[in-house]
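A.B. asks: So you can see what is in the structure, the chains are spelled out below.
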Amino acid sequence: MKIKVLGPGCKNCETLHKSTLAAVEELGMSDAYVEYVKDISEISKYIMATPGLVVDEVVVHEGKPLPTVAKIKEILKKTTG
Amino acid sequence: MKERNKFLTILLIFVYVYFVDFDTPSVSGAILEGFFMLQEYVREHTLTCLVPALFIAGAMSATISQASVIKYFGAEAKKIVSYSVASVSGAILAVCSCTILPLFAGIYSRGAGLGPAVAFVYSGPAINILAIVLTARVLGFEMGLARAIGAIVFAIIIGLSMAFIFRDDEKERHDSPPRREMATEDGHPVQTFIFFIALIGVLIFATWAKPASSGSFFALIFDYKWSFTAISLAVVIIIAFTGMDKEKRVTWLDETWGFSKQILPLLFIGVIVAGFLLGRPEHEGIIPSQYVEGLVGGNSLFANFFASVVGAFMYFATLTEIPILQGLIGSGMGKGPALALLLAGPSLSLPNMLVIRSVIGTRKTVVYVIHVVVMSTIAGVIYGTF
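Chains as they are written, first to last, in the working numbering: chain E, 5 to 85; chain Y, 132 to 517.
In short, the hints are calculated from the structure, not lab data.
Incorrect hints may appear among the rest.
To be verified - Listed next, the in silico DMTMM-like pairs over lysine to aspartate or glutamate satisfying Cα-Cα at most 25 Å (straight line): (1) Y:K377 x E:E18; (2) Y:K202 x E:D35; (3) E:K81 x Y:E378.
As the list claims (entries may be wrong) - On the chain E side, residues computed to face chain Y include the following (Cβ under 7 Å): (4) Y50; (5) M52; (6) A53; (7) V63; (8) V64; (9) E66; (10) G67; (11) T72.
Claimed, not checked - If you only want the chain Y side, here are some residues facing chain E, beta carbon under 8 Å, derived: (12) A193; (13) Q197; (14) A198; (15) I201; (16) P233; (17) L234; (18) G237; (19) S240; (20) R241; (21) G242; (22) P309; (23) K377; (24) E378; (25) T382.
Backbone N, C-alpha and C fix where the C-beta goes; we use that ideal spot for every residue, glycine too.
Isolated chain E, as found in the complex (with noise of 0.2 Å):
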């Protein structure tokens, strides 16, 4: 599984990447590559609001407010199963 953090390296998008890092962790998800996006016009062909998430090419969040841990585990989840 492919998982792209987009965002131009703000604070919102540091903390996106990070929870994101976790949240692959505590799934424990082997096959999952996390990539930081942070050329703007790689970025702009996904989404309009940063910070963003996106995995295997699917948008599955864009702007504030922040996901939580939890929430992306939940969205992993959604995504695998």
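Could you slot chain Y onto chain E? The hints should help.
C.D. replies: Chain Y alone, transformed into the frame defined by chain E:
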């Protein structure tokens, strides 16, 4: 800001401080004016107005899902919907131009297109909650209302006109990637609604002004304003501790603190500079009032046009347009030109023209700037005659 401009700014300040004669009464008076104006803001506008407004802005960005608003900007959204949402959603989506420009780029290149994107970028800075509240508080309720209505109406007109002029060269758009709706656990809508009403209640009751006549409904509220404020505050606190989980409370405070850090230092510097240059109403700053009155006094077409052009090119940090206008009005600026400056000022500046140009190209940017200047001038002339 380009490195060269930074250097020139520093050089200018250096040369001024090097040669200025601090002993002359006009200079020392102007310096004092700067601090008197800052004191006025700290005493009159900070605790009862700015602080509650910052908490409201924080709560909005912690509870309102941006994604739920943004979906109305999609390429498949109905035109009428995307224009109306674009012109008012700055109130929730954006507090400073740093969030507005990325959204502008997104709406233009992937979403509803040029018209709604332009409408959004024009109205955004004028109708965010902090700008409206502080404008109404410092420059008067009438000016606050005129600013909000002017921004919304003219945003739609400019957007439609731009979309019409460039109707033939809609550029190739990116396709939207697939997205999955994730159910959001928004808590109870009713509770959230009461929460916001109570927050706004704190702001409104705490700033309730003493009415001219006693015995009216407004005077009655004024007599009990602190009780009403306390009740609203109690409701806010109760909901915050019973209806919200810890995570949400922390996000709320984080966002509020984030906005405060972003806005307050620049605002207070702006207040000092405005006081130094222009002075409080009835007082002189370093720029003599007759110059201001000569250029932008009254409600002539030239005064309105001049205010629009200056506003369009000058950069105002978030909210600093308000103390600057307070100084200008105190020095004799007419209310029409004041509105023109308020409309053209925060939505355009030389730096953000460059960003806009990189997104939509030179031709469209020039047309957009002309639109803003012309529309703001018209708005000023209309408002000034009433």
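A.B. asks: Output the numbers, in ascending order, of every earlier hint that fails for this structure.
C.D. replies: Hint check: 2, 23 fail, others pass.
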